[in-house]
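A.B. asks: Residues per chain are reported as follows:
Protein chains: 2
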Amino acid sequence: MKQSEKRIAEGVLFVDQYQLTMAQLYYRYGMHEKIAKFDHYFRSYPNYGTHQAGYCINAGLEWFVNWAREATFGDEEIDYLRGQTGQTGQRIFGDDFLAWLRSVDILGSIHLTAIPEGRVVHPSVPLTIVEGPLAIVQLIETALLNHLNYQTLIATKAARIHQAGQGGLMLEFGLRRAHEKGANAGARAALIGGADFTSNVGLSKVIGLPPKGTHAHSMVQAFMALGGDELAAFRAYAEIYPDDCLLLVDTINTLKSGVPNAITVFNELRNKGHRPVGIRLDSGDLAHLSIRSAKMLDEAGFPDVSIVLSNQLDELVLLQIISQIKEEAPSYGVDADRVIKRLVYGVGTNLITSRGASALDGVYKLVAVREDGKWQPAIKLSESTEKMTNPGHKRVWRLCDQRGRATADVLALYHEDLEAMDAIHLHHPSEKSIRRTLLRDDISHIETLHVDIYRDGQCVYDFPPLEAIRAQRIADLERLDIGVRRIVNPHVYHVSLTEALWEMKQELILQHRRTAYRNTQ
Amino acid sequence: MKQSEKRIAEGVLFVDQYQLTMAQLYYRYGMHEKIAKFDHYFRSYPNYGTHQAGYCINAGLEWFVNWAREATFGDEEIDYLRGQTGQTGQRIFGDDFLAWLRSVDILGSIHLTAIPEGRVVHPSVPLTIVEGPLAIVQLIETALLNHLNYQTLIATKAARIHQAGQGGLMLEFGLRRAHEKGANAGARAALIGGADFTSNVGLSKVIGLPPKGTHAHSMVQAFMALGGDELAAFRAYAEIYPDDCLLLVDTINTLKSGVPNAITVFNELRNKGHRPVGIRLDSGDLAHLSIRSAKMLDEAGFPDVSIVLSNQLDELVLLQIISQIKEEAPSYGVDADRVIKRLVYGVGTNLITSRGASALDGVYKLVAVREDGKWQPAIKLSESTEKMTNPGHKRVWRLCDQRGRATADVLALYHEDLEAMDAIHLHHPSEKSIRRTLLRDDISHIETLHVDIYRDGQCVYDFPPLEAIRAQRIADLERLDIGVRRIVNPHVYHVSLTEALWEMKQELILQHRRTAYRNTQ
Chain X
1 MKQSEKRIAE
11 GVLFVDQYQL
21 TMAQLYYRYG
31 MHEKIAKFDH
41 YFRSYPNYGT
51 HQAGYCINAG
61 LEWFVNWARE
71 ATFGDEEIDY
81 LRGQTGQTGQ
91 RIFGDDFLAW
101 LRSVDILGSI
111 HLTAIPEGRV
121 VHPSVPLTIV
131 EGPLAIVQLI
141 ETALLNHLNY
151 QTLIATKAAR
161 IHQAGQGGLM
171 LEFGLRRAHE
181 KGANAGARAA
191 LIGGADFTSN
201 VGLSKVIGLP
211 PKGTHAHSMV
221 QAFMALGGDE
231 LAAFRAYAEI
241 YPDDCLLLVD
251 TINTLKSGVP
261 NAITVFNELR
271 NKGHRPVGIR
281 LDSGDLAHLS
291 IRSAKMLDEA
301 GFPDVSIVLS
311 NQLDELVLLQ
321 IISQIKEEAP
331 SYGVDADRVI
341 KRLVYGVGTN
351 LITSRGASAL
361 DGVYKLVAVR
371 EDGKWQPAIK
381 LSESTEKMTN
391 PGHKRVWRLC
401 DQRGRATADV
411 LALYHEDLEA
421 MDAIHLHHPS
431 EKSIRRTLLR
441 DDISHIETLH
451 VDIYRDGQCV
461 YDFPPLEAIR
471 AQRIADLERL
481 DIGVRRIVNP
491 HVYHVSLTEA
501 LWEMKQELIL
511 QHRRTAYRNT
521 Q
Chain B
1 MKQSEKRIAE
11 GVLFVDQYQL
21 TMAQLYYRYG
31 MHEKIAKFDH
41 YFRSYPNYGT
51 HQAGYCINAG
61 LEWFVNWARE
71 ATFGDEEIDY
81 LRGQTGQTGQ
91 RIFGDDFLAW
101 LRSVDILGSI
111 HLTAIPEGRV
121 VHPSVPLTIV
131 EGPLAIVQLI
141 ETALLNHLNY
151 QTLIATKAAR
161 IHQAGQGGLM
171 LEFGLRRAHE
181 KGANAGARAA
191 LIGGADFTSN
201 VGLSKVIGLP
211 PKGTHAHSMV
221 QAFMALGGDE
231 LAAFRAYAEI
241 YPDDCLLLVD
251 TINTLKSGVP
261 NAITVFNELR
271 NKGHRPVGIR
281 LDSGDLAHLS
291 IRSAKMLDEA
301 GFPDVSIVLS
311 NQLDELVLLQ
321 IISQIKEEAP
331 SYGVDADRVI
341 KRLVYGVGTN
351 LITSRGASAL
361 DGVYKLVAVR
371 EDGKWQPAIK
381 LSESTEKMTN
391 PGHKRVWRLC
401 DQRGRATADV
411 LALYHEDLEA
421 MDAIHLHHPS
431 EKSIRRTLLR
441 DDISHIETLH
451 VDIYRDGQCV
461 YDFPPLEAIR
471 AQRIADLERL
481 DIGVRRIVNP
491 HVYHVSLTEA
501 LWEMKQELIL
511 QHRRTAYRNT
521 Q
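Residue numbers (this note's numbering), protein chains in the order written: chain X, 1 to 521; chain B, 1 to 521.
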């Protein structure tokens, strides 16, 4: 797309058509300024097929707000909508509605409440709550979901890969296989969730981190095609980047050519007073080659240079690689933990596209409408009980048990103060028979998860820098049970409703069923 | 991301760091202006786990060229690179290289040859061939792969879903679950591959199609929360959009509430002289509900209104739905084919994220370097023979058999004229023993697939409009064997090398192995 087209296609028209037709309907029926509340949440953790997430890492909020700040209906947008025609050639949008649309100030009209980026989050918990004129909060649904679904998906994948890599340095390399310009949001989310750096230059500039990279096979190939060889290519790289020399050693043969040539060049660098950085392995049995390369580097007197692994890495591959190194290293007289400690992970496609689970099922549902100064809860019925919304004006609490571990996220009616309760009665969101009671004395820590982002149309939130978001992620993950953090078959974390919310929900379901029954008689 | 940041992060710095460090190395070694040739191709069809593609639809070229046209190193980019420092605080990029970089005119420096968008393409076939100064063709690798991998992935998925839907109208609805701004490229690719329209308003404007949509559950919910009901919501929609009335009927109960209320409103519309458009089913057993709804609509005198299906559709789900309708419709006294003919498919997440295969493994490999006016072929060895590149300056031919079906894509040396050969000897790209001979008389049609896009820095190609790209896709698909088009377990289409190319490749492999062996003695 051209820059000029991008301004249009990524602005306020980054929206599904039906949001506009519904907004006009609300406008014509005088419903557009009714104050409504929508909850944004996801229904289930990403399921990668052979493995599943037991938590998600919330991400994307700041970039959604950036979108909303710049999303306005200007001349070009209004002209375009004015020109739209329906089946019989008549105009779809009237001048009255278009005049109103032009006056819309999205963030100036809403309250926006959200769980901060970097926090561990779970299904059914409202991550973002939007309150404002019905037509406006409806209009932003598509862009909100688009921005938040994807970054949360990728931050989650990054956290899992980081965890499987046992804290080793992690580099995001996925730009070439990402979903086009989504690559930048993906790289940001990866940096929130677990990646330390990215190879993506532009995004690194925006985010304020140095971009990372080595070289490609094509550099060695180019030297060879011009009559040189791998060693000449390595020497050239070392000459130009003597203090940043990281060599890709698998273009010809990793153990017979690449590593020996790298060691030759590393010796030359050392003789000139430089410290070589590492080697990169991009094919073959990465566990085996890590051990063998580590041994060769050790014997050559380079016990500290890194071994960067790449090639279709994800959390399962890393679990396997680390397990194999532990099993295989002793037979080469190599200390497995020392090999593992020097590993760096270059993660591409599987991270930036969240392979196996390429979308998060985030939704945005009407939960209440304000009438005569009071919230009227709204519910969406469904044949499957777990797809029903949790209605009303709510707050979310996180409870930690006596070990300091998070034990439940609790959806409560807004006025309920869980901190002041002696006993908290919890209900499963949809299974009537599943309930438990927590005594206040058994709770070591209790907090509400939401913060205000926009209040009365004013930004009341300082978006934290990347480092603070990462620190939040680390703190939240440490507070999770190890079983919940498990890569494969994680324990299910409890998301519960308070008794009051449960009862309100049941009453609303009954009431709607009665109405539906009456209507179909 | 803010607009101001986007200009930087989506321009020429939409690149992996190592492309820049390699470019500087080439510059310092005087290799940067050596003329090199890179082939872009993918290695394997998307594999969705339980089903696999037997062809791909090429897409993304025009948007890649749009990117390249606007990708230049201006002050901000150069200043950023000047500020980059390595491990010891020294600058990574020197002023000499940065001065050269600033002078780079990407498209003004290269030949760009490509297979047009919308064409059926296969693994190992160069889709895009870039020829130009080594440093420049290296610099565009990341963006080229990013733009072409994703759109080809999605156009392919769209073609499969369209095929499974037996030609029914298909709407792209995936914006909310797409990988952030990649949504626009995804919608474009979907429109190339099989979708008729998209709900994405901005992209529709850019592409010149009307956006499509209905309404959401939230509209019905909003009426209910304000004391109204589903019928009131439907009546409101019909009043505002009398000639575009498409009603979502599953908010309460599809057969007991939604369809009867829709019929009531359709009757009211008809009495006022309007023609209702359709209903949408978004949950439950879509096959069963299609039959039952069709019967109710027929009996009410609306045999022509559409039934739009949505909810996690993909090619397998559609295969199943259509199969079930054929099996189940007769028991309701309904003609299955008539039900199927009125179906419209709203396809979201599974299309725009290519669920099951979230990336195409497109690569960009050095295949030749020009020395003393002659092409020196370059090869990348690999332990797996199918990962070796096909070296040299090549052309690609497509051969059709006597039935007019495409029977092979053939990679040939550039000077070879397959049209003039009496017999064409074909080799499997990596399996020595697999070969066959086609007689010229058995070939009904022969063509080369590439067209010139940029020649000597000038655009020599008229990018075709969407309709022409779609027509090309339809023509190419018709020429494929039905077994190759199959959704599950498709036949393998032949991609072959000519004898001359095969021999050159073997010679190069031998030569490199000898060198590698010598180097490791």
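One or more of the hints may lead you astray.
Intra- or inter-copy, both count: the list cannot distinguish identical chains.
DSS-like cross-link-like pairs, simulated, lysine-lysine; straight-line CA separation at most 25 Å [stated by the list, open to error]: (1) 256 <-> 34; (2) 34 <-> 374; (3) 387 <-> 256; (4) 341 <-> 2; (5) 380 <-> 256; (6) 2 <-> 326; (7) 387 <-> 341; (8) 2 <-> 380; (9) 374 <-> 256; (10) 341 <-> 432.
Rather than coming from a laboratory, the hints here were simulated on the basis of the structure.
A.B. asks: How would you label the pair residue 34, residue 374 (within, between, both, or neither) given a Cα cut-off of 25 Å?
C.D. replies: For residue 34 and residue 374, the Cα distance is within 25 Å only inside one copy (12 Å; across copies 73 Å).
A.B. asks: Given identical chains, is residue 2 near residue 380, meaning Cα to Cα at most 25 Å, within a copy, between copies, both, or neither?
C.D. replies: neither (41 Å within a copy, 35 Å between copies)
A.B. asks: At most 25 Å between C-alpha atoms: does residue 256 with residue 34 qualify within a copy, between copies, both, or neither?
C.D. replies: This pair counts as neither: shortest intra-copy Cα distance 73 Å, inter-copy 30 Å.
A.B. asks: Given a CA cutoff of 25 Å, do residue 341 and residue 2 count as a within-copy pair, a between-copy pair, both, or neither?
C.D. replies: So residue 341 and residue 2 fail the 25 Å test inside a copy (45 Å) and across (38 Å) alike.
A.B. asks: Between the shortest in-copy and the shortest cross-copy C-alpha distance, which are at most 25 Å for residue 341 and residue 432: within, between, both, or neither?
C.D. replies: neither (48 Å within a copy, 43 Å between copies)
A.B. asks: For the identical chains here, do residue 374 and residue 256 meet the 25 Å Cα criterion within one copy, between copies, both, or neither?
C.D. replies: For residue 374 and residue 256, neither the intra-copy (76 Å) nor the inter-copy (32 Å) Cα distance is at most 25 Å.
A.B. asks: Are the CA atoms of residue 380 and residue 256 at most 25 Å apart within a copy, between copies, both, or neither?
C.D. replies: between (64 Å within a copy, 16 Å between copies)
A.B. asks: Which holds for residue 387 with residue 256 at a C-alpha limit of 25 Å: within a copy, between copies, both or neither?
C.D. replies: between (58 Å within a copy, 20 Å between copies)
A.B. asks: Go through the copies and call it for residue 2 and residue 326: within, between, both or neither, with a Cα cutoff of 25 Å.
C.D. replies: neither (51 Å within a copy, 46 Å between copies)
A.B. asks: Between residue 387 and residue 341, at a C-alpha cutoff of 25 Å, which is it: within one copy, between copies, both, or neither?
C.D. replies: Result: close neither inside a copy nor across copies, 44 Å intra and 31 Å inter.
The structure shown violates the earlier hints numbered 1, 4, 6, 7, 8, 9 and 10.
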